[in-house]
Amino acid sequence: MCLAIPGKIVELVPASETLAVVDVVGVRRRIDLALLENEHPIVGDWVLIHVGFAMSKISEQDATEQMNTLAMLGEAEAAMQEVRGYDSVAEAQPDAHVSQGTGPRNE
Amino acid sequence: MKFVDEFRDPELIHKTAEEIQRLADPARHYRLMEVCGGHTHAIYRFGLKDILPSNIELIHGPGCPVCVLPMGRIDDGLSIAQNSNVIFTAFGDMMRVPGTHGSPLEHKARGMDVRIVYSPADAIKLAKANPEKHVMFFAIGFETTAPSTALVLQRAKKENLRNFSIFCNHVTIIPAIRAILDSPDMRIDGFIGPGHVSTVIGCRPYEWIAKNERKPIVVSGFEPLDLLQSIVMLLRQLRAGESRVENQYKRVVPWEGNIAALRAMSDVFELRPYFEWRGLGFISQSALRLSEEYAEWDSERLFAIPGIRVTDPKAAQCGEVLKGVLKPAQCKLFGNECTPEHPIGALMVSSEGSCAAYYNYEHRKAALLTSLGASA
Numbered sequence: 037m038c039l040a041i042p043g044k045i046v047e048l049v050p051a052s053e054t055l056a057v058v059d060v061v062g063v064r065r066r067i068d069l070a071l072l073e074n075e076h077p078i079v080g081d082w083v084l085i086h087v088g089f090a091m092s093k094i095s096e097q098d099a100t101e102q103m104n105t106l107a108m109l110g111e112a113e114a115a116m117q118e119v120r121g122y123d124s125v126a127e128a129q130p131d132a133h134v135s136q137g138t139g140p141r142n143e
Numbered sequence: 002m003k004f005v006d007e008f009r010d011p012e013l014i015h016k017t018a019e020e021i022q023r024l025a026d027p028a029r030h031y032r033l034m035e036v037c038g039g040h041t042h043a044i045y046r047f048g049l050k051d052i053l054p055s056n057i058e059l060i061h062g063p064g065c066p067v068c069v070l071p072m073g074r075i076d077d078g079l080s081i082a083q084n085s086n087v088i089f090t091a092f093g094d095m096m097r098v099p100g101t102h103g104s105p106l107e108h109k110a111r112g113m114d115v116r117i118v119y120s121p122a123d124a125i126k127l128a129k130a131n132p133e134k135h136v137m138f139f140a141i142g143f144e145t146t147a148p149s150t151a152l153v154l155q156r157a158k159k160e161n162l163r164n165f166s167i168f169c170n171h172v173t174i175i176p177a178i179r180a181i182l183d184s185p186d187m188r189i190d191g192f193i194g195p196g197h198v199s200t201v202i203g204c205r206p207y208e209w210i211a212k213n214e215r216k217p218i219v220v221s222g223f224e225p226l227d228l229l230q231s232i233v234m235l236l237r238q239l240r241a242g243e244s245r246v247e248n249q250y251k252r253v254v255p256w257e258g259n260i261a262a263l264r265a266m267s268d269v270f271e272l273r274p275y276f277e278w279r280g281l282g283f284i285s286q287s288a289l290r291l292s293e294e295y296a297e298w299d300s301e302r303l304f305a306i307p308g309i310r311v312t313d314p315k316a317a318q319c320g321e322v323l324k325g326v327l328k329p330a331q332c333k334l335f336g337n338e339c340t341p342e343h344p345i346g347a348l349m350v351s352s353e354g355s356c357a358a359y360y361n362y363e364h365r366k367a368a369l370l371t372s373l374g375a376s377a
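Going down the list, the protein sequences come from chains L and G.
Quick note, the first sequence lines up with residues 37 to 143 if you use our numbering.
Quick note, the second sequence lines up with residues 2 to 377 if you use our numbering.
Okay, chain L solo, but in the shape it has when bound (with noise of 0.2 Å):
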């Protein structure tokens, strides 16, 4: 929650004034850039995202270097959990992702 995790910019979703889609490791979610009109970003921004909404725009290394930290304080598998849990960007049942609370975040 407090730990940003960085994304890649793939696609702006069109149609939407401010979804687009993310790579984080891999793993391609939808998640909101509402809170980054000022900056413009573009496909290929990298930005760092809390709870599904991207707060400021970052460099690659930047990036890998956050990805590092997760990985280092044992929260990137929470964080890839939180990812997972955005909206997939095939939405055949939108409401699927909503977890029946399976488990908690901080595991």
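Watch out, some of these pointers could steer you wrong.
Dumping the calculated EDC-like pairs for lysine to aspartate or glutamate here, alpha-carbon to alpha-carbon at most 20 Å [to be verified]:
1) L:K93 x L:E53
2) G:K328 x G:E133
3) G:K251 x L:E96
4) G:K333 x G:E363
5) G:K50 x G:E363
6) G:K50 x G:E12
7) G:K251 x G:D268
8) G:K158 x L:E53
9) G:K129 x G:D299
10) G:K158 x G:D186
11) G:K251 x L:E75
12) G:K158 x G:E294
13) G:K126 x G:D299
14) G:K333 x G:E321
15) L:K44 x L:E113
16) G:K251 x L:D98
17) G:K50 x G:E208
18) G:K158 x G:E277
19) L:K93 x L:D59
20) G:K109 x G:E342
21) G:K126 x L:E53
22) G:K159 x L:E73
23) G:K159 x L:E53
24) L:K93 x G:E257
In short, the hints are calculated from the structure, not lab data.
Go by the hints and put chain G onto chain L.
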């Protein structure tokens, strides 16, 4: 990009540690507070205590939102969800936090409709998919998560979504620092400022600490090198008798913060006159609630809230640990009755809580060394 399990620039880390040795006046005892729970976790994980000279003491601050939430708020939130028409949603971090009659997860096991969400936007989706139900989002966090809650509320209002509300527990970091500085039993020489909170609020809000309280503060990144460099910057200021706001984490934190996020927050939230923090007591203007314009999406206005106040178990000394008066292992319950597997106090629940961090790294390490010593 992939995970790499190694420190960046080990040589530079070594040099920076030497620089700290050089800068630290052996005649002084330094008390530096890292405000953010992510930093606390990193400090234990990286074993920074072992690198630092013994006269530099790191005090763990109040920056773990789960840890500072009074138990009564959890009880209040769960009391709303006793209504069978209500779906209780929260981030995973909240699910194991104990209320008086158990955690949200334990309430779920007893039949309450409790669901983990990964983004507040998920809660809105759930509300749309369940029009016959009311979806309550138990919002928690400092300024890293508050802007997302604000945006989601703006959307709920725009779409006139009526079966959705927020039980708002967002807190703000600056008044907590102020309360710590005002506390008579606290002596802090300088602050390691939060990294990702500062991407939102920027560095300007810390200026009063430097100007009025005459304490240096350095906004820091999370890597070992970041934290050590921030300590160097603090020691340099202390040596020169200065107190300024510095930004060690410039590569990520803009001085002005995230204007769009601040704007969304000021549209949706207003400051509560006061709010209770676990361990720190009531702090004025330290938390956010929904403004009048968003009253129809405010769980506290929509539902009757018991306003439960729970005093922490007497034996648990969370308050003293939170204020840095006691070290985690000095609490009577630490490691025997209160463990990460069976937390009694909130500081043991979250990995960002200082007790859980201390237990997971220092305590386990000591236990391992003891057992190795015993078998040798």
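To see whether the hints hold, each was checked on the structure:
| no. | hint | in the structure |
| --- | --- | --- |
| 1 | L:K93 x L:E53 | holds (18 Å) |
| 2 | G:K328 x G:E133 | violated (49 Å) |
| 3 | G:K251 x L:E96 | holds (15 Å) |
| 4 | G:K333 x G:E363 | holds (17 Å) |
| 5 | G:K50 x G:E363 | holds (10 Å) |
| 6 | G:K50 x G:E12 | holds (18 Å) |
| 7 | G:K251 x G:D268 | violated (28 Å) |
| 8 | G:K158 x L:E53 | holds (17 Å) |
| 9 | G:K129 x G:D299 | holds (17 Å) |
| 10 | G:K158 x G:D186 | violated (45 Å) |
| 11 | G:K251 x L:E75 | holds (16 Å) |
| 12 | G:K158 x G:E294 | holds (9 Å) |
| 13 | G:K126 x G:D299 | holds (18 Å) |
| 14 | G:K333 x G:E321 | holds (12 Å) |
| 15 | L:K44 x L:E113 | holds (18 Å) |
| 16 | G:K251 x L:D98 | holds (11 Å) |
| 17 | G:K50 x G:E208 | violated (28 Å) |
| 18 | G:K158 x G:E277 | violated (28 Å) |
| 19 | L:K93 x L:D59 | holds (14 Å) |
| 20 | G:K109 x G:E342 | holds (19 Å) |
| 21 | G:K126 x L:E53 | holds (17 Å) |
| 22 | G:K159 x L:E73 | holds (18 Å) |
| 23 | G:K159 x L:E53 | holds (15 Å) |
| 24 | L:K93 x G:E257 | holds (14 Å) |
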